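Enquirer: Chains as they are written, first to last, in numbering that gives the first Met the number 0: chain B, 0 to 1161; chain V, 0 to 192.
Please note: incorrect hints may appear among the correct ones.
[What the hints assert, rightly or not] BS3-like mimics (lysine-lysine), calculated; alpha carbons at most 30 Å apart, straight line: (1) B:K633 with V:K102; (2) B:K668 with B:K754; (3) B:K79 with V:K102.
I should point out that these hints are in silico values taken from the structure, not numbers from a laboratory.
The structure presented is a predicted model; accordingly, all values stated were derived computationally and were not measured.
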Amino acid sequence: MSTETATSEKDQTATEKYATRTFMKYSSAEVAVDAPNETVLLNGNEALARGCIEAGVRVGTCYPGSPVTYTLDNLAEAAKVFPSMHVEWSVNEKAAYEVALGAAMTGVRAMCVFKNVGLDVALDAVVCSAVDLGPGGLVLIVCDDPGMGATQAEVDIRYLAKYSSIPVLEPSTMQDVKDFTAAAFALSEAVHLPVLVRPMYAQCYAREPVILGEIQHDIRERVPHYNVRDWHPPHEEVKATLHRGPTNWAHARFHSEVPPAARELTKGWPNLADVVRAVESFAGNQLTIKDGAKVGIISSGLAYRETMEALKVLGGKSEVSILKLATSYPLPEDLVRKLLKQTETVLVVEEIEPFIEEQVRSLSAEMDTHAKLLGKLTGDIPVSNELKRSQIGPVLGRLLGRKYEGYASAERIARGQEILQHLPVDPVVARQCPGCPGTAAAYALKNVARQLGLTPSMQFFGYDGCAGGVPIGEGGITLCMGGGINLAAGMHHAGLKGKQVVLCGDSNFFHAFMPGLVEAVYNKSDVLLYVMDNRTTAMTGHQPHPGGFGVTAEGEPTKTLDIAEIARACQADFVTVVDPYDQRETFAALKEALTTTGVSVVVSRRTCAVVAQRQKGAKDALIFDTTSQINRDKCLAWTVEMAPCEAKCPINQDVEGYVRAVAEGDFKKALAIVRETNPFPAVCGRVCNHLCETACKRGKIDEPIAIRSLKRFIADYELVNGVERPQRVPRTKQEKIAIIGAGPAGLTAGHDLVKLGYGVTVFEAAPVAGGMLTYGIPEFVLPQQVLQDEIGYIADLGVEIRTNTALGRDLSLADLRNQGYKAVFVAAGAQKGNQLRVPGEDLDGATVATDFLARVAKGEKVEVGRRVVVVGGGFTAIDAARTARRLGASEVSIVYRRSRSEMPASEKEITEAEREGVGFQFLAAPVGIIGEQGRVTGLACQRMKLGAPGPDGRRNPEPVDDSSFVLTTDMVINAVGQSPDVAAIAAASGVALTPQGTIVADNLTLATNQPGIFAGGDVIKGAGTVVESIAMGHEAAISIERYLKGQDLREGRVSQPPVTGANVLPEGMLTSARQQMPSLLENERIQSFAEVELGFSLDQAIAEAARCLKCKSCGRCIDEFACIAIVAEDGGPTMDLDICAGCNVCRVVCPYGNIEEVEVIA
Amino acid sequence: MNRELNLMISGLSGQGIVMMGRILSTALLADGNRVCIVDSPALTHRNATTYTQIRIGEEVQALRIAEGEADLLLALEPNEGFKVGVVYAREDGLVILNDRVVKRSGTGDPAGSLRDAGIKNVKVIAASDVAANELGRLVTLNMVMLGAGVATEMIPVQMETVERTIRKFSPPSAVDLNVEAFRLGIKRFQEQA
């Protein structure tokens, strides 16, 4: 096993390299320099850290999250210089806050950094402690993220601060960031409350010159002390008045409601009014009153700077009074009142929620002022995203009575943005770094889920903990850190079937998944927890965590906690560690994990590729010193012209295309793909002989894809969910074409020709269109309604269908010529049943299957006796036998002269007939029909044996001597083949006939001996299949167009067989069973002519489609592995060697071995 | 200096945009400028959109450059350069595009599309070629482009100051290579643009 273990010795160097983390961009040792009054360029995180350092902070804690948490990296640098400092990456925000609070309780200064969605995690502790603080200053740095540049929620943290009675400071410039942070500690100590500093996301990534202050070493070196008497009321008398303990007491203190008995204790401790007074004199709050100014601005943070920029552009500095707020909670009330008194309109500009604005409104309501307040509440300032001067400027301009004009014309910007919107989205946005172990781990999961057929019902919860989330596919449910495993448990306990998969990162696991894991084990959930352990907190800057390289924030060695061992200790039912680069191992582990009932934990452990590359010495280093290249001479996407299914299909349907669309759930697109080459989706979805399935490569692994059933699903899906009737195709060509016969060949030709813009009339001898589909296939196999809907679709396109009109009977060729038809396509089918050529065929009760089926189809009352014998081995014989069962015959048997395996009917049809009680007499041939009084009483037969194979490969039947026997029966249905019945047509048109009675036509062009007359379908072949007829319909349309344009009929129509890669099989595929077609129960079937097969359910269709191997486009490396280094080009996948990190996983991902190693010479 | 200068650097994460901005802003400060810079790095992702905004001038208030305000744009990847330029560049500003395409999603002709969008002054240089072929290390692309930017003489900074800053920020083994890349960038801009 090549898995990295968390504690192996070879880690030593890796740990050292990791501990130095020389690649950090957002921290520097300069923050600890003792150089007062020097100007240095600091970024927000450095400035925040510097503020803390100058204030003499002793303990700093953080759980990594948004960019602001780099602040801790900077403090960690300082801790290396000042030994008394303790700086730590905490296991989560609650721990971080409690550690900092504990430190502050001893009288030293402590700080804690949070992302905007981090403070909520600690809120339990924050609320309880915020009014119960000891002598040491405690500062919380919480970064808000308008526009969600770095986090998942645009929340305004100030409401939580107010809720917890914590003052809030909002810095504008980088100098403010440093100075406010330093001052926050003193404020905290003065008001006995934690103080929150609220920088913005953009400030963390900004750099500006900052003048450094002095580092207060003496404060940092304060001697910690803790006396319980400082914290708890010493007298029984006081305790008795407190009822609910110290929190209640302190809260009461804050609101000046301290019980008399405790007043002595709280003497000198400020309440809210004192806090307001303290912030009133806070240096950062600056009121600038301009004489005569009617407009006022109240603003804070970066919004203040945008407002000032807008004011600069407007040239309005002298016309506006400005309150730059440093403290947004509580407000410096006197300053606000002063501004409100001296102005007529006040614009409040702040990031995210109208937090300041609400407080100003509240203050103004208590005052005798008429100043009008504008801001977010009035809709003048947007609530969401980072505020821009282009939003603030026009409002200010309106107040100052002039137009705000930015530097660029709004039209040009709008035009530019318009262009950008229409550019395709780069797939890179949602992908992991090259070499990401998460990409490999996700591929293994997707692969195993697909191969086990779990994809449709499986839910994914959570994400791997990095960037956009590993490419696991659609449907991931994310809530908050640690939420996924409990959500999955909830769904399981609600009764949702199947094992759910929960993804989590490694740092994530320690942060919030451990209680969820215990919950899942204890309460017996059924879940797979898939831990993406890349040994670092990768997304947020590769901070160390308890399961990483055994190193602390300060670079000190520490213990490493193994996630798998924790899971084992939690008694999960299945726990294993895999290396995701080893796909076979990962695949096998996931397979076992997914099939184990209960709680499975799979830890996918492999160092983050970025860290691995850095540990090798450069950010573009190759992880394994080699890279990979796609062999274009072998790659299926580059070489295969047609998938085997497509090549085998007489009309070359893009099977892979529509099956893929089904797998993606886009059934409309799937149907559109089918319709490109097939005007009969619903019909072929039921009765096609599906050569595609015989060619399907999946059949060589287990069972072929149920392509026909998928086609039916697509067609039925539209029927059920509302058919979009097609637009009539505009007629663009003069010529009209006559088509004889409204079967699949004729209607297909008509369909194609109408689409080309010709006028088309289809003449049908029978009363109903459809040919053999109508009169030869029983209702329980192909419901008439389904067929007529599809014919209606073709008619809607503009094909005129005239029924009850036969060439040679109702009209002549001359009639057609006279009516302006320039070409004729004869597709009259083969509807005449062949004779058995045995004595007794004229007896009453002896009938031909085509007649029998046609009479039933027409709704005639057809009497069958108790016993029926059907002669033949094809679909028609099966259909006739099953029809006879439905008409009341209790004993129906089929007599066939060869054995079961030689039957032309498919095994499935035979089985269906058997399920309906049809018996078989194999190796028996009729020799005569026996009758009494002109009625059939029996069929005389002879036993046969199989001899030498004939020209078609099937073994020929030979009679067995002295083996005659008689089957007693009331009816004999002869189903031994059909022939065209075209004597009248031949006479009318002059087309030549073969001795077998079929029309002579060119195999390729379908041209007959008569110019302008073409023939196709069963009329030239004898009984064939539906799809062959459709194919000939297409060919006829091509020939007719060429004929009408005077072009060569043959040119370019013979092509080389396409490259299909039919013999190239993928390796390592799990077998998965083909979906079974649901059907009526046996006892329901023969009660009526209701359709027997019920069609796939949606889940079945998607699961079946997911089995497709995608023999033409393949796309495993691009679509499923989704490595950023493999990009789609027109021909197929291409490796971007500039990006490839050399993880080599793609070589295993390609199941055909077509991604090959490339040695790189350094 | 009289008026402010708004400068943007755009490209892909991993190309060294942040380091470029850091070096340039440090040099600008050393030469007595009032400067503020803000990065828009891609989170974790390699090869995702990244840009940096540098504002220089005594009267600068806001942190970010607004749409249509960038006087100079240095684009390390042309399609990304188009996307940033079409929104941020001034119509009379200068855009310098590196010619090597990494991200394929674009108009197909970034320079032409920028000109069509009203930004007339677009220059294309083969910076990746210098980095990969002349210096043998594509990672020096950022220094080559930094040289090209300084060569425009629009940025109020001394070449020597920039070189000194490059030396300060480079790991010891890469100092000479980075300085050479910077100088070649200046040369290539003077030759090509």
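Enquirer: Hint by hint, note whether the structure agrees.
Expert: Each hint tested on the structure:
Distance hint between B:K633 and V:K102 is fulfilled; the C-alpha atoms sit about 27 Å from each other, no more than 30 Å. Between B:K668 and B:K754 the alpha-carbon distance is near 20 Å, which keeps this suggested pair within the 30 Å criterion. About 42 Å separates the Cα atoms of B:K79 and V:K102, which puts this hinted pair outside 30 Å; it is violated.
Consistency with the previously given hints fails for number 3 only.
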